[in-house]
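S.K.: Chains as they are written, first to last, in our numbering: chain H, 30 to 360; chain L, 113 to 452.
No lab work stands behind these hints, which were simulated from the structure alone. Predicted model only: the values in this text are computed from it and were never measured. Cβ coordinates follow ideal geometry from the N, Cα and C atoms, glycine included. No false leads were slipped in.
A short, non-exhaustive set of chain L residues, derived as facing chain H with CB atoms under 7 Å: (1) 170; (2) 321; (3) 324; (4) 357.
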Amino acid sequence: MKSVTHSMPEGHVRRSGAGRRLLSAYRTEIAIALAIIVIELAVGMIVPAALSGGNISNVTQAAAPLVIMAFGVLLVIITGGIDLSVGSVFSLTGMVTGLAMAHGYGGIASSMAGLSVGILIGALNGALVTFVGLAPFVVTLSTYAIAGSLSFIVTDGHSLPISNPDYWLLNSGTLIPGLPNYALWCVLLLVAIEFSLRKVVAGRWLYAIGSSSSSARVIGIPVNRVRLAAYLLSGLFASFASIVSVSYISNAEATAGSSLMLQAIAAVVIGGASLFGGTGSAIGALLGALMITIIQNGANLIGVNSFWQGTVTGVVILIAVLVDRVTKARR
Amino acid sequence: MEKRASTSGSRFSDRPVAQVIAASVLAFAAAFASQASVAGDKQTVAYIAPSLDISYWQWVAYGVKQRAQELGMNYVEFTSENSPAKQMDNVRTALTRGVTAIVMGPVSSTSTPPVLRLLKEKSVPVAFTGIGPQAGQTDYTSAVTANNYDTGKAEGAYVCKLAKDRGSNKVAMLSLPQDRENAQKYMKGAQESFKSDGCDLVQVLETHGLTVNEAVQQANDVLTAHPDVKGIYGMYDEAATGAAKALQTRGSVGKVAVVTADGSPTTIKLLRDGQIQGIFLQEAVGQGIDATTQVFNALNHKPTTQELALKEPLVTKDTIDQPEAQATVKRVYPPSAGQY
Numbered sequence: 030m031k032s033v034t035h036s037m038p039e040g041h042v043r044r045s046g047a048g049r050r051l052l053s054a055y056r057t058e059i060a061i062a063l064a065i066i067v068i069e070l071a072v073g074m075i076v077p078a079a080l081s082g083g084n085i086s087n088v089t090q091a092a093a094p095l096v097i098m099a100f101g102v103l104l105v106i107i108t109g110g111i112d113l114s115v116g117s118v119f120s121l122t123g124m125v126t127g128l129a130m131a132h133g134y135g136g137i138a139s140s141m142a143g144l145s146v147g148i149l150i151g152a153l154n155g156a157l158v159t160f161v162g163l164a165p166f167v168v169t170l171s172t173y174a175i176a177g178s179l180s181f182i183v184t185d186g187h188s189l190p191i192s193n194p195d196y197w198l199l200n201s202g203t204l205i206p207g208l209p210n211y212a213l214w215c216v217l218l219l220v221a222i223e224f225s226l227r228k229v230v231a232g233r234w235l236y237a238i239g240s241s242s243s244s245a246r247v248i249g250i251p252v253n254r255v256r257l258a259a260y261l262l263s264g265l266f267a268s269f270a271s272i273v274s275v276s277y278i279s280n281a282e283a284t285a286g287s288s289l290m291l292q293a294i295a296a297v298v299i300g301g302a303s304l305f306g307g308t309g310s311a312i313g314a315l316l317g318a319l320m321i322t323i324i325q326n327g328a329n330l331i332g333v334n335s336f337w338q339g340t341v342t343g344v345v346i347l348i349a350v351l352v353d354r355v356t357k358a359r360r
Numbered sequence: 113m114e115k116r117a118s119t120s121g122s123r124f125s126d127r128p129v130a131q132v133i134a135a136s137v138l139a140f141a142a143a144f145a146s147q148a149s150v151a152g153d154k155q156t157v158a159y160i161a162p163s164l165d166i167s168y169w170q171w172v173a174y175g176v177k178q179r180a181q182e183l184g185m186n187y188v189e190f191t192s193e194n195s196p197a198k199q200m201d202n203v204r205t206a207l208t209r210g211v212t213a214i215v216m217g218p219v220s221s222t223s224t225p226p227v228l229r230l231l232k233e234k235s236v237p238v239a240f241t242g243i244g245p246q247a248g249q250t251d252y253t254s255a256v257t258a259n260n261y262d263t264g265k266a267e268g269a270y271v272c273k274l275a276k277d278r279g280s281n282k283v284a285m286l287s288l289p290q291d292r293e294n295a296q297k298y299m300k301g302a303q304e305s306f307k308s309d310g311c312d313l314v315q316v317l318e319t320h321g322l323t324v325n326e327a328v329q330q331a332n333d334v335l336t337a338h339p340d341v342k343g344i345y346g347m348y349d350e351a352a353t354g355a356a357k358a359l360q361t362r363g364s365v366g367k368v369a370v371v372t373a374d375g376s377p378t379t380i381k382l383l384r385d386g387q388i389q390g391i392f393l394q395e396a397v398g399q400g401i402d403a404t405t406q407v408f409n410a411l412n413h414k415p416t417t418q419e420l421a422l423k424e425p426l427v428t429k430d431t432i433d434q435p436e437a438q439a440t441v442k443r444v445y446p447p448s449a450g451q452y
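Generate coordinates for the entire structure from the input sequences, incorporating the hints supplied.
M.R.: What follows is the structure in structure tokens.
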């Protein structure tokens, strides 16, 4: 085996080594991708339409907001933190965006107003966690409650139809022919985050802080600033996920994000991140979000009783995490 | 004596915190006394909602408040956050505050017996809205509910007809959680109509979060699994909004009929735009108005009606602007919710 490797041309060896490193680095993600394919094929055997282009398009469109939100949650989880406020930020962003449109502001200005919700709450979370030293769970639980409550207060609880006739383009338009915008946002964020996490120094700092914040501080990493940035981006992505969703359904609701927070955390964990910090990838978060959406889609297509759908989702998540833990332990 | 008084006075003036506390206590006592005297002078109705994160219960609240003002009653509001324990706490708190009548959207029918026992002891009239008391309970003034069974039947017949008009007898349903009594009644009525009218209910999907986003996904899934479905029965407002959005994305508006219960500014706009074909209006505001009238009558020894099951009339694109339909819509949601 050794002699074969030596006898290969240098470029081939380099490529083979890089491929092996890639396989090793993304072992969890590859396993999840395979699991998704197996699940989809299994559903397709029962309901062939599950494999149709139309259904795959539906699933990706439905998954897009969760994917975007999961990217933000991932950054916080890598640092060893948690952001429970994202669901409420999602709801409040939708209401603020809808309210701005109802007051005659255009799509861009309304979106900016919506995004500012995430930036503000993300910055507040980050500041309280880093500079005041409060526990992330407590801080983000508080902002979850506050933002959730404000979602009702801003419109007295009424849902808001989106009046701007062109706003749907943000989700379903096509800036690049053949690639709907909801997919484009996911791909752009995926590439940017994955590249940053792997190749940019600031991205590597996130892992260092998640592995040991005290060691990170000793070697000169600006721990507080990096953590603050992670929470800020988490809020911003939750807001962006919300406006992508609102532009799709043309409606803003105060309860829109209520189930998304747990799903986003689950997506990140399914994708191989540890809640103790130090691990995780954007590809994993994307695949985790896709898996959750595909399970829900499959359960609906097959006609699984609604009461059982939560059990099915929970069991699959548990299996995914257990398999990941076992394979990591073997390594 | 003079010295002592002077010392005491100077000590008090030297302690601003003590002054603030004393002033606060006085202000609180004054406010409490004025509140108590208002409550003493006027009858007070408490509205206890199961939760206020759903528009429906907010609209009932509006009806209770509006009617209470018309009748010269004070109004207070509590939310039980879907907890029977919190509901019981709210009832006790309301009694402590001296309310003279209660309008309640109970967390569930089964949560009502202990509430009714307590209110009977205190001789406080209670009217239920939306969800009635547990079967067998009689110690209440009125239960103002929607006639879910008859509506389920009528909506089922209408959806079946529209599906057949579009060339198929296959229909699907986006349902409220079937652990709710009103959902079960809608379902029973609908199933009877589908059976008698020859329609095949191919899939029922229940909501978890009552959101439009969820309904869009569910409608897409139903139409993917059963492309021959030509009618969607929505049991709640967001279901119709979601189904209409799914059909719009698929370019199938009008090819699959969408009908729903409830009604809101959003679905009424969709009705006018031809994206949904019918709404069976549930009078949320009307339930609040009628329930308040019932407890007021009980307090003032006037006749009351114990079972008041309000009809849910059908409105279509052709009838929505007729005066009768507009009068009903005004009993569905308040002006602040949106246009009629």
